[in-house]
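**Q** What follows is each chain in one-letter form.
Number of protein chains: 2
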Amino acid sequence: MDEIRIIEVKQSVFEDNNKDAEELRAQLKTEKTFLLNLMSSPGSGKTTTLKALAKELSGKVNWAVMEADIDSAVDAEAMQKEGVCSIQIHTGGMCHLDADMTRQGLCELGTEGLDLVVLENVGNLVCPAEFDTGASKNMTILSVPEGHDKPLKYPLMYETCDLLVINKIDVLDYFDFDKEKVVQYAKMRNPDIDIIFISAKTGEGIPELCEWILKNVSEWNS
Amino acid sequence: MDEIRIIEVKQSVFEDNNKDAEELRAQLKTEKTFLLNLMSSPGSGKTTTLKALAKELSGKVNWAVMEADIDSAVDAEAMQKEGVCSIQIHTGGMCHLDADMTRQGLCELGTEGLDLVVLENVGNLVCPAEFDTGASKNMTILSVPEGHDKPLKYPLMYETCDLLVINKIDVLDYFDFDKEKVVQYAKMRNPDIDIIFISAKTGEGIPELCEWILKNVSEWNS
Numbered sequence: 001m002d003e004i005r006i007i008e009v010k011q012s013v014f015e016d017n018n019k020d021a022e023e024l025r026a027q028l029k030t031e032k033t034f035l036l037n038l039m040s041s042p043g044s045g046k047t048t049t050l051k052a053l054a055k056e057l058s059g060k061v062n063w064a065v066m067e068a069d070i071d072s073a074v075d076a077e078a079m080q081k082e083g084v085c086s087i088q089i090h091t092g093g094m095c096h097l098d099a100d101m102t103r104q105g106l107c108e109l110g111t112e113g114l115d116l117v118v119l120e121n122v123g124n125l126v127c128p129a130e131f132d133t134g135a136s137k138n139m140t141i142l143s144v145p146e147g148h149d150k151p152l153k154y155p156l157m158y159e160t161c162d163l164l165v166i167n168k169i170d171v172l173d174y175f176d177f178d179k180e181k182v183v184q185y186a187k188m189r190n191p192d193i194d195i196i197f198i199s200a201k202t203g204e205g206i207p208e209l210c211e212w213i214l215k216n217v218s219e220w221n222s
Numbered sequence: 001m002d003e004i005r006i007i008e009v010k011q012s013v014f015e016d017n018n019k020d021a022e023e024l025r026a027q028l029k030t031e032k033t034f035l036l037n038l039m040s041s042p043g044s045g046k047t048t049t050l051k052a053l054a055k056e057l058s059g060k061v062n063w064a065v066m067e068a069d070i071d072s073a074v075d076a077e078a079m080q081k082e083g084v085c086s087i088q089i090h091t092g093g094m095c096h097l098d099a100d101m102t103r104q105g106l107c108e109l110g111t112e113g114l115d116l117v118v119l120e121n122v123g124n125l126v127c128p129a130e131f132d133t134g135a136s137k138n139m140t141i142l143s144v145p146e147g148h149d150k151p152l153k154y155p156l157m158y159e160t161c162d163l164l165v166i167n168k169i170d171v172l173d174y175f176d177f178d179k180e181k182v183v184q185y186a187k188m189r190n191p192d193i194d195i196i197f198i199s200a201k202t203g204e205g206i207p208e209l210c211e212w213i214l215k216n217v218s219e220w221n222s
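Taken in sequence, the protein lines are chains A and B. The numbers in this note's numbering rise by one with no breaks, and the one at position 201 of the first sequence is 201. The numbers in this note's numbering rise by one with no breaks, and the one at position 129 of the second sequence is 129.
Some hints here could point you the wrong way.
It does not matter which identical chain is meant; a pair holds if it fits inside one copy or across any two.
[What the hints assert, rightly or not] DSSO-like cross-link-like pairs, simulated, lysine-lysine; straight-line CA separation at most 30 Å:
id	residue 1	residue 2
1	K55	K19
2	K201	K179
3	K201	K137
4	K179	K51
5	K201	K187
6	K181	K201
7	K51	K181
8	K51	K187
9	K215	K51
10	K187	K215
11	K179	K81
12	K181	K29
13	K19	K181
These aren't lab readings, by the way, just hints derived from the structure by calculation. As the structure is a prediction and not an experimental result, all values here were calculated from the model.
Excised from the complex, chain A in its bound form (with noise of 0.2 Å):
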């Protein structure tokens, strides 16, 4: 296996986080460069959820993922093992990426040839939703085990993001998750949100999440 990338991104000393953010997706428009940014709670699925779109993408468009935790490589490392370009971003402490952050990651892939990338933020709730990275879109995990109350405790969470995935739904049988709560209180906070189930260990809703993927960054790219 090839050595895993580390890059030590760094805060902008610049506090025009909108302004960065703006400029860069406009420079990844240019491109045509989808930019995914992946939002969740620490532990809902979201490295297992890329390694199982991993198969469906395959062919279909050229990607690659950055992978963003404050220490260890192991998520950057389990997407090479499924053969997918992967580098981990360290943020230094920080529970966020910003828009400059975003930037220099993306610097260090290489973004020339690239369809899609997707950036799996730091896991957490609360803050990575208050910082526009200069995505395409956004999208946020939640898992069946965390609870249908989340939209409630989180609203900016759900304010933000384009797609909300629910994972884990091979365990609903042993866990008090409401089906019909979780939407009403995601829609709630936001109508327009795309809900999309899924069980990232059976493949169950993967390719349904692979076509919400396709369709957005062909429209992107066009």
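We have chain A; now place chain B onto it with these hints.
**A** The following block gives chain B in isolation, referenced to the frame of chain A:
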């Protein structure tokens, strides 16, 4: 049911959080009130664990709960239903509590005659670990579905905690969770950390957790 008291706390304009925290801790020591700061990812079972403790602690200690969240009062309502005195703290979007915010909550709660106050921090494995709240001890919950690799990815949380509770062990069979590895990774971050395995749902391990809390309350208040 009584109306839930919701306290809107504001971050201190003074920057010296460590000094604030030391002062608050000294004050609580004098007042013989043990403050337990409970941190974890969203959905790991903080409130469910406190509900399970309610029966076990009943009659053994005078206690109350401060539920911190960005929005909603669902947790304070849940505790009140269990007959535990509780208030809801709203952080105004903040991803953590600092010592001054904790003090504001304690003032509203009123600590006279209380042996134990549990502060349920905002669901977040990153930021709450960076801010000393003035608590007597720190505790974190990691639930089985989140995976055993969390101490590798979120070092500070495990470094700052005196107790790690592994929750949802009733679903161990349905997840790839290695009990030995999680102990090894947590001890790597903090050799002195105590570790207790529980299921807040079935009650397994709750007496042991109760014993840990009562022992620490007794030591603090003696």
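**Q** None of the hints should be skipped; say for each whether it holds.
**A** Results of checking the hints against the structure:
Proximity of K55 to K19 under the C-alpha cut-off of 30 Å is found in neither arrangement, the shortest distances being 36 Å within a copy and 53 Å between copies. Both within a single protomer and between protomers do K201 and K179 lie at most 30 Å apart by alpha-carbon distance, with minima of 19 Å and 20 Å respectively. For the homomeric pair K201 and K137, the shortest alpha-carbon distance inside one copy (24 Å) is at most 30 Å, but the shortest distance between copies (37 Å) is not. With identical chains, the CA atoms of K179 and K51 are at most 30 Å apart both within one copy (24 Å) and between copies (24 Å).
Taking the closest pair of Cα atoms, K201 and K187 come within 30 Å of each other both inside a single copy (26 Å) and across two copies (29 Å). Proximity of K181 and K201 under a CA criterion of 30 Å is satisfied in both settings, with 23 Å inside one chain copy and 21 Å between copies. Proximity of K51 to K181 under the C-alpha cut-off of 30 Å is found in both arrangements, the shortest distances being 28 Å within a copy and 22 Å between copies. In this assembly of identical chains, the alpha carbons of K51 and K187 lie at most 30 Å apart whether taken from the same copy (28 Å) or from different copies (29 Å).
Taking CA atoms no more than 30 Å apart as the test, K215 paired with K51 passes inside one copy only; the shortest distance there is 19 Å, against 45 Å between copies. Proximity of K187 and K215 under a CA criterion of 30 Å is satisfied intra-copy only: 22 Å inside one chain copy versus 45 Å between copies. Proximity of K179 to K81 under the C-alpha cut-off of 30 Å is restricted to the inter-copy arrangement: shortest distance 24 Å between copies versus 33 Å within a copy. Taking the shortest alpha-carbon separations for K181 and K29, neither the intra-copy value of 36 Å nor the inter-copy value of 44 Å comes in at or below 30 Å.
Neither within a single protomer nor between protomers do K19 and K181 lie at most 30 Å apart by alpha-carbon distance, with minima of 36 Å and 44 Å respectively.
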